[in-house]
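Starting from two chains that each stand alone, build the complex the way the hints lay out.
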Amino acid sequence: MAGKTLYDKVWDAHVVREEDDGTALLYIDRHFIHEVTSAQAFEGLKLAGRQPWRTQAILGVPDHNVPTTDRSGGIVDPVSRLQVDTLDKNCAEHGIVEFKMNDPRQGIVHVVGPEQGATLPGMTVVCGDSHTSTHGAFGALAFGIGTSEVEHVLATQCLVQKKSKNMRVTVKGVAGAGIEAKDIVLAIIGEIGTAGGTGYTIEFAGEAIRNLSMEGRMTVCNMAIEAGARAGMIGVDDTTIDYVMGRPFAPAPTDRNAARDAWLLLHSDADAHFDKEVVLDAAAIRPQVTWGTSPEMVAVINDVVPNPACESDPVKAAGMEKALAYMDIPAETPVSDICIDKVFIGSCTNSRIEDLRAAAAVIKGRQVADTIKLAMVVPGSGLVKRQAEQEGLDKIFRAAGFEWREPGCSMCLAMNADRLEPGERCASTSNRNFEGRQGQGGRTHLVSPAMAAAAALAGHFVDAREY
Amino acid sequence: MQKFTVVDGLVMPMDRPNVDTDAIVPKQYLKSIKRSGFGPILFDDWRYLDPGEADMVTAHRRPNPEFILNFPRYAGAEILIARENFGCGSSREHAVWALDDYGFRAVIAPSFGDIFYNNSFKNGFLPIRLPAEDVDVFFRECEPQEGYRLVVDLAEQTVTTPRGQAMRFEIDPFRKHCLLNGLDDIELTLQHADTIREYEGRRRKQAPWLFRG
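Protein chains in written order, with numbering that gives the first Met the number 0: chain A, 0 to 466; chain B, 0 to 212.
Warning: the hint list may mix true and false statements.
Unchecked claim - Below, a list of computed lysine-lysine pairs in the DSS-like style, where the Cα atoms sit at most 25 Å apart:
| hint | chain 1 | residue 1 | chain 2 | residue 2 |
| --- | --- | --- | --- | --- |
| 1 | A | Lys161 | B | Lys2 |
| 2 | A | Lys45 | B | Lys2 |
| 3 | A | Lys3 | B | Lys175 |
| 4 | A | Lys164 | B | Lys175 |
Claimed, not checked - Quick partial rundown of chain A residues pointing at chain B, CB under 8 Å, derived from the structure:
| hint | residue |
| --- | --- |
| 5 | Leu24 |
| 6 | Gln39 |
| 7 | Val75 |
| 8 | Ser79 |
| 9 | Ser129 |
| 10 | Ile144 |
| 11 | His151 |
| 12 | Gln156 |
| 13 | Thr193 |
| 14 | Asp254 |
| 15 | Val314 |
Please keep in mind that the hints were generated in silico from the structure rather than gathered at the bench.
Even for Gly, the Cβ is constructed at its ideal location relative to N, Cα and C.
Isolated chain B (complex conformation) (with noise of 0.2 Å):
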């Protein structure tokens, strides 16, 4: 997994609430059995004016003007900032594969849908929630300053803005470790196998019709 340490990024806004993981990614996309090449189509129906298929060739698709993911000022953004619920609603691990493909690192929003907050830190992709009073500042500063920057630094747990303020974040002390180190926590799992055993044999004594089938 890739590590996160510091990210001194360009930073897009997408002001809107409960923005859910089919507007990340359509489902027509889903179909596909990768785990890379997403982020062309990252919030696909709002980003192109002509509808989306899972076998076109985006080189030939018309962007949305209007929509800020194609202001020229924002391309290269590496950090989003956004309203509360953020990704919420579908499991589907796509949407952080789509954000972390086309090149952010990292989102910042006061509140996210607990599955996908879990997906990101899958992918040395940087949740932060921060309150709303502190999001909002970066909405404001944002939006009359081009080149607008943040730097997230993830052993600090700060977001710092141009002028030096910086907020401090939370987050879960073992994720922080793996994030930070670029850990498989799969491996970190493994090292436990043999409790896992141990559980096992203990249960299929008390509840074997947990073992059936």
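Isolated chain A (complex conformation) (with noise of 0.2 Å):
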């Protein structure tokens, strides 16, 4: 028989039933919860006269609405504040455990988690997030669910889960200095394309995967989605381990011994089978830039804008012409020529600790560009915000021009008042660059935070690994 993969593993775990036809009854130990895809399923959960059934296994946080700029005040939307409110009033009613607002926890749902130690290795996490694949980083089984889901977790701590299948992306060898993890994944999103990972959970494996941090681990996990995969993984080693421990919600000091033998299994057997396998050079990988409205259409620093005469498939052919049309560049345009209006550092992809510190390294010194309209940075959370400024990282982003701001998911999706206008550019650390997600009519380019933060400095793309 052949081995397991880490997939097969956190899954059989979690199994608390099974019907012939492979249908499985998940039990789900971890379930964060936020202000947007919440407030439906506790209305659900009251209307049908039901409780939540295991409320210790909920951490909610409020992120998508929150202004980033001065909080004393609360929320103007009166919208956006109703939600929060909603949230605050749901956790509040349940006992649920949340970090409010000005709570100096807050932030990003998937910052958070890991960084409370709320998220830990062979786990079943869910949120109402597609980005939830975030937590697959540390060897958990980690997926983006909706409303409906959210209320059945809520109702009955499990999940009605069809398993998927099996795919193995390696990336061998080491890659080059100044390619972060963001490169990493884009170079793999636009290898498999954006339904390349539909149907599979994606184990993320080789040397240069293993060289990465936590922190690079989660950008790369954060984009399975993006490219079709509902979740991501890694197998767990030191580095894992070593992040996780002593963290707040992290095993009590009696359990660490045990919870570190059975975490040091989990990763895929040498003779596990993978459906499908994938394997890129990281010596051949380059800074990325996504050049279109689908995070698959993606080329390197030095390259051209692709060409859709050249693109066989029509019905891609046509893609092409209706992203370069809604993003207003020719083909064939260097990348590097493409001028930016605006830089926004943040995001659950890119707004950790780390990459704050890449974007500070490149712009140490320097001043952003006259052409900016604005260029700001969100961190990931209160916590990061925080050891941020004990290292002064936020002195050299504000002294360069950069705004520096309140945590949250600001930009990324443009729920609070922090968006693009119509026509507007921006080199964006963030995971879509889909038609008017940063604002209607906003144009978005993805990029590793040291690429932004050299875009923000040139007005323009360039090569972050000259700086």
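Dropping the structure here:
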């Protein structure tokens, strides 16, 4: 019998019962909630006269709607305020731990969870948010769910699931200096496409993945959903365990040895079967910049934007033409000729301390270009912000002309006041370059923190390794 | 949940790949704490010429006459045909609520975003996966033929064209059962509450750290 993949192992450990056709009732260890996708679920629960199954499994934090400017006066937008108040009310009513807007531990749910040790190896983790795949960096099975499933987990602590197929993406060798986790994951998406991982759980493996810090691994797993996979995972090693131990929700000292022993088994067996294997060479990966309206529309910094006329698949070519028209970029434009209006460093993809350090290293002692209307840094959590301030990173950003904001999702999806105006072009460290994602008519180019920082200085895309 | 059995419906084509859930329901409408009322803002950025805000009265807005949803011939459409990776991106169930509230009952595409696909079944809305060649047949036949309809029969797992060509689709038996009967799956899961408690008790001993905090 073939060995098990990491996904097989975590899946098998959580099957409560299984039907003959493979439909399983899967137990959920950790349920993160935020204000946007939970209100209707709590309402549904109430209407049906049900109670949450295990409130200790839940951790709540408002992130999508919160302002990133001064919060002392609360949220101005009444609709946003009602949504955040509703989360507060639901958490209070059921005794759910919540880090409210003005709590120093508040931040983006996918930054806060791991930071608190609330995400642990081998867990099943869900949240009404597609970027829940982030938590797979810890050898957890983590995926986004819709509001009906949020209600299902609240009511039963389980989900009805069919198992996905196994895919392994191996990034072999060592990435070059200045190549970040974001470049690696964008290169992967460029290779397999935004639907390449649909129906699969992707395990990221190989030396270049192993060499990443937990922050880098989270960036990679975060964007598994952008490759179509609901979940991305990375096997547990000492890097994982060293990150987790000692955090507030991590195992009590008496459980540490047992936990460590269990966690070190959380990797794919040597003879495990994968339904699909993809291999990339880390040494060949260059800094990435997306040019279109889907994360698979990506090019390297010293290349040109592709020409739809050279695409043989007519549906794909039509999609490329629509994207170029929306982005207002002629085919074959050199990537480094693309000028930008705004710079956003933040989001659940790239707002952790290491991301801020990488951007600050590029910026230190330099100035944002005159042509940039706004450059902003939005730390992923209050604790990331505090640490960055202790390291003096805020001073570097401010001195260069960046705004230094309060934590939240911010301009990744522009639900709060942070957004692009129609036609504005942004170098963004977020995860989606969809039409209108950062504001109606806005144009998004996805890049790493160092590349966003370098673009802010130059006013156009430029190879960050030159700084 | 509303049942899905047979739908004989007018077809609207959405001829672009990777239609993401941000395009189906833009973010400003996610501030709502309700499940209903999303029909008028379905495909909002494409559908209206003026930018939409959460508190706008849609009757006062300017429809984009070039967007397919606004073509008179597609008024009352119940079946959407789409290209690959429909519903990719954000987990927002609002996308399904909007399609359903507008009056769509099913969407046919070569592939779907996994979360969108899941969310659909929770709302009595049927996502149908068919090979790209089959979907292409519908696109080709639909365009020149005003009033083009398809018949979706869930029990038989078929989509039938006006000329009688039936394409068979695959669907998970459990999901099919729930949809045909309009079953509430929370209620079904709670029938196994004792099994869940047994599992929990076992795990609590094996891995107590999972039950902390």
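Here's how the hints hold up against the structure:
1. A:Lys161 with B:Lys2: Roughly 22 Å between the alpha carbons, so the hint for Lys161 (chain A) and Lys2 (chain B) holds.
2. A:Lys45 with B:Lys2: With a Cα-Cα distance of about 23 Å, the restraint between Lys45 (chain A) and Lys2 (chain B) holds, given a limit of 25 Å.
3. A:Lys3 with B:Lys175: With a Cα-Cα distance of about 30 Å, the restraint between Lys3 (chain A) and Lys175 (chain B) is violated, given a limit of 25 Å.
4. A:Lys164 with B:Lys175: holds (21 Å)
5. Leu24: holds (6 Å)
6. Gln39: holds (5 Å)
7. Val75: At 13 Å from the nearest chain B Cβ, Val75 (chain A) fails the 8 Å test, so the hint is violated.
8. Ser79: holds (6 Å)
9. Ser129: At about 4 Å, which falls below the 8 Å cut-off, the nearest Cβ of chain B leaves the hint on Ser129 (chain A) intact, so it holds.
10. Ile144: holds (6 Å)
11. His151: holds (5 Å)
12. Gln156: holds (6 Å)
13. Thr193: Holds, because the Cβ-Cβ distance from Thr193 (chain A) to chain B comes to roughly 6 Å (cut-off 8 Å).
14. Asp254: Asp254 (chain A) check passes; min Cβ-Cβ to chain B is 5 Å, inside 8 Å.
15. Val314: Given a least distance of 6 Å, the restraint on Val314 (chain A) holds.
In this structure, the hints that do not hold are numbers 3 and 7, in rising order.
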